[in-house]
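Sequence order for the protein chains is A and B.
Counting from 1, position 87 in the first sequence corresponds to residue 87 in our numbering; the numbering is continuous, with no gaps.
Counting from 1, position 1 in the second sequence corresponds to residue 1 in our numbering; the numbering is continuous, with no gaps.
Quick caveat, the hints were computed from the structure, so don't treat them as lab data.
Please note that the accuracy of each hint is not assured.
To be verified - Listed next, with one range per pair, are the computed distances between beta-carbon atoms:
no.	chain 1	residue 1	chain 2	residue 2	range
1	A	Leu177	B	Thr39	36 to 44 Å
2	B	Leu72	A	Ser88	23 to 31 Å
3	B	Thr219	A	Asp51	36 to 44 Å
4	A	Ser134	B	Val258	40 to 48 Å
5	A	Leu177	B	Glu57	28 to 36 Å
6	B	Tyr40	A	Leu45	42 to 50 Å
7	B	Tyr125	A	Gly229	27 to 35 Å
8	B	Asp129	A	Thr73	44 to 52 Å
Said to hold, decoys possible - Now the stretches of chain B that chain A is said to cover, found in silico as 3 or more residues with beta-carbon under 8 Å:
no.	region
9	18 to 31
10	88 to 97
11	108 to 116
12	139 to 145
13	186 to 192
14	204 to 210
15	226 to 232
Claimed, not checked - Sample of chain B residues lacking proximity to chain A, with all beta carbon distances greater than 12 Å (derived):
no.	residue
16	Glu48
17	Ser61
18	Lys66
19	Asp165
20	Arg171
We treat Cβ as the ideally placed atom computed from N, Cα and C, and that holds for glycine.
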Amino acid sequence: MALVLPAAAFYSVFVLKSIASTIQYSFYDWNGVTAATFVGFDNYLEVFREDELAGSIVNAFELILFFSIIPVTLGLAAAATIRKFATSRMAMASRTVLFLPQIIPLVAAGIMWSWLLSTDGLVNQLLRAVGLGSLTRAWLGDFDTALPAVGVIGAWVLFGLCMLLLLAGMTKIDPSLYEAARIDGAGPFREFFSITLPSLRQEIGVCVTVTVIAALASFDIVYISTQGGPGNSTLVPGLEIYYLAFFQREIGTASALAVVLMLLVLAVVLPMQRLTRER
Amino acid sequence: MIVSTRERWLGRVLLVVLMLITIAPFISLFVTALHPPGTYPAGLSWPEDPHWGNFAEAFQSAQMGKLLTSSLLIELGVVPIALLIGTMAGFALGHLRPPGGKVIFLVFLLGLTLPFEGIIVPLYYQVRDLGLLNTRWAIILPLIALFMPFAVFWMRAHFINMPEDMSEAARIDGATTWQLFWRIHVPLSMPALSSLAILMFLWTWNQFLLAVVLVDDPTQRTMAGALGAFQGQWGTDIPLLCAGSLLILTPTLILFLVFQRQFVTALLQGSVKG
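Okay, chain B solo, but in the shape it has when bound:
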């Protein structure tokens, strides 16, 4: 395609400006984190002697090790189960198409755009009655349920395009429905599954509302929830707050940089289909 040099330059400049605007908050956070604790640094300025120790101090006072463990435990509770049961349901509704499946699918769709605030009040009482308040289960169980609409929707969209012939051939060879699902269709669905896993991982990690309402102790929360508590605790010490926030961001940033292509594809597809 022919592109004039002027257009090309205009585009380049625009891209650079956009990237700068996107990055500026991160840089400001980083630079501020290096100022002496307890000071109010003015805007974006490199400190005379950078306090790298702020990171260590924030790591300790935020109990970062505990926070990471907590978030990982929550992820372990949510993602594998949600992935498995969402895929099973998506497979049934998309491929086996049982009678009544359409109605069930529509009921799942109902929850696709549900704002979590809409059901947070009854969730609180339900979790309380189960005796799970202030435990990680208070986040894990509702979150699995809240991911179901998207997981089912996503996997159904995938399985609906899988050819029938393969299943028929497997059936003739005497495969049960479970074998058909587990041995044939799941291995063939890895791209769809990994995108879904990435999305659910990210949404769990960043889940804030459930953590704030259902769990008081930051060391039992998700990372985002812990960050909220961290702000309450260190709101007055800006450099330490910035250092702590950066530390809390680091795991996701590293994961993102390693798996960036998968992340971008998953998020783009995720929003188109959702």
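If we strip away everything but chain A, and leave its shape as in the complex, we get:
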């Protein structure tokens, strides 16, 4: 038991205690300096009533489309296409390349993409080259495109991880299953839906869990690329907590949003765990 003690001590002092404090703060009106007043659930009402706060949660859910659904579906399609020569030299080399976005700081991804998506960036250059010059714009500065543009950055970061996880899962599937399906006259689509997809339940679960958390708890990319703007069009809960607590000095509201964020993550993770474990 003494062996658990150091880890448990660190964990309790900095993590468990902080979770408890966040919950405690969330019931108070506090500016961080003067005495706090107890306000019950008012901060939570504010989280759901005020456009800026509720909007940040909505934005986080929209980011799920880009951070999660796009990398997982594209990852599945790509992995299924290259499944059969997953051990070839080229595929092995691609692992290194496709992993690059995973090892660099998200901040760096944000900086690179801010530049790519700027008025004179590569994205617009390519659009002009193929005759779609009318579409060009400052992608991260436009109310309509800023959030999807942030989403694209996330998709770029998470795609490689998803694809390689799914590919690793696919190589574990017994090849005789595919041979049997071929003999029964199944085409590639049939094969994919009746063999590949069901066998990958666990891997898909992992990808979805990791990417959804990345979307809900996004901070680094948004902080670097848009700071939540233009307006509040890319504001996410993580960033809003930071602004509320350290700039507007509304510790109570920030904490209530933090509690909501933690609960949202749990609400996603727990059912996913159950779904992938049972079999």
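Got chain A sorted already, so can you dock chain B onto it with the hints?
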């Protein structure tokens, strides 16, 4: 396995396209970094006379030497301690299985998916009350704690599969629990330990939120935090910003290329188990 040539070509083309999309931002960053400082280069274009000096200038103005030292000090503070105490706890919970261990493990699991933003506010006040704001300890201590759920989870999963017989034999020879742990189980766990070390190294290096909130001075931050400050400072000088970003990326890129197999395995396993 029989693969038709068409399928093979389709797959190859797809792989190349995917790799291009992955690499393009890096290339754009590199090419832009070579343009004259203070200009706004248009998209991807090779400059007429490449300004290799941008790298030197960025190195100096970003105080790159100090940043590297700072990041390394933080790594040294976090990774060995987190590795040791996480492994000890994982060993106890996975192998010795004391009464009540299950409950303790569940409490650790609670923190596995915790978004750091959820506790950043109280962390700030706690670190302030300890008088550690704006020091590297402000990042080191909370980060060790935040890594505990994963470290314990990872090492427990490893130790739970270790055979009992060996421990029994060692016990009969009179080994204490510590000797059993340090002399027998730790040396046998090197693959699991090194994967964990790589993951924690990477997460520390790339940690941004704690650095931004708890430490104002970029030269006391992690690399990612310093990069954030660098953007604020050089946001208007695109070529220099790109040069600086590339410099900040270089250490991780080199490490990754040297240890790529370990990195890929660690990250793949890390996310499956996490």
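Are there three or more residues in the region 18 to 31 of chain B whose C-beta lies closer than 8 Å to some C-beta of chain A? holds (count 10)
Three residues or more, CB to CB closer than 8 Å: is that satisfied between the region 226 to 232 of chain B and chain A? As far as the region 226 to 232 of chain B goes, the hint holds, because 3 residues have Cβ atoms under 8 Å from chain A.
Please test the hint of 36 to 44 Å on the beta carbon pair from A:Leu177 and B:Thr39. 58 Å, violated
Can you take a look at whether the region 108 to 116 of chain B is actually covered by chain A? Rule is 3+ residues, C-beta closer than 8 Å. holds (count 6)
Please check whether B:Thr219 and A:Asp51 have a Cβ separation lying inside 36 to 44 Å. 39 Å, holds
Does B:Asp165 clear chain A by more than 12 Å, comparing its Cβ with all Cβ atoms of that chain? 21 Å, holds
Checking C-beta pairs, does the region 186 to 192 of chain B have three or more residues closer than 8 Å to chain A? It is violated, with 0 qualifying residues against the three required.
Against chain A, does B:Ser61 keep a CB gap of more than 12 Å to every residue? 16 Å, holds
Measuring Cβ to Cβ, find out whether B:Glu48 lies farther than 12 Å from everything in chain A. 17 Å, holds
Taking C-beta pairs only, is B:Lys66 more than 12 Å away from all of chain A? 18 Å, holds
Go ahead and decide if the range 40 to 48 Å is satisfied by the Cβ distance of A:Ser134 to B:Val258. 46 Å, holds
Non-interface claim for B:Arg171 versus chain A (Cβ beyond 12 Å): B:Arg171 is indeed farther than 12 Å from all Cβ atoms of chain A, at 16 Å.
Comparing the model with each earlier hint shows violations of hints 1, 2, 5, 13; every other hint is respected.
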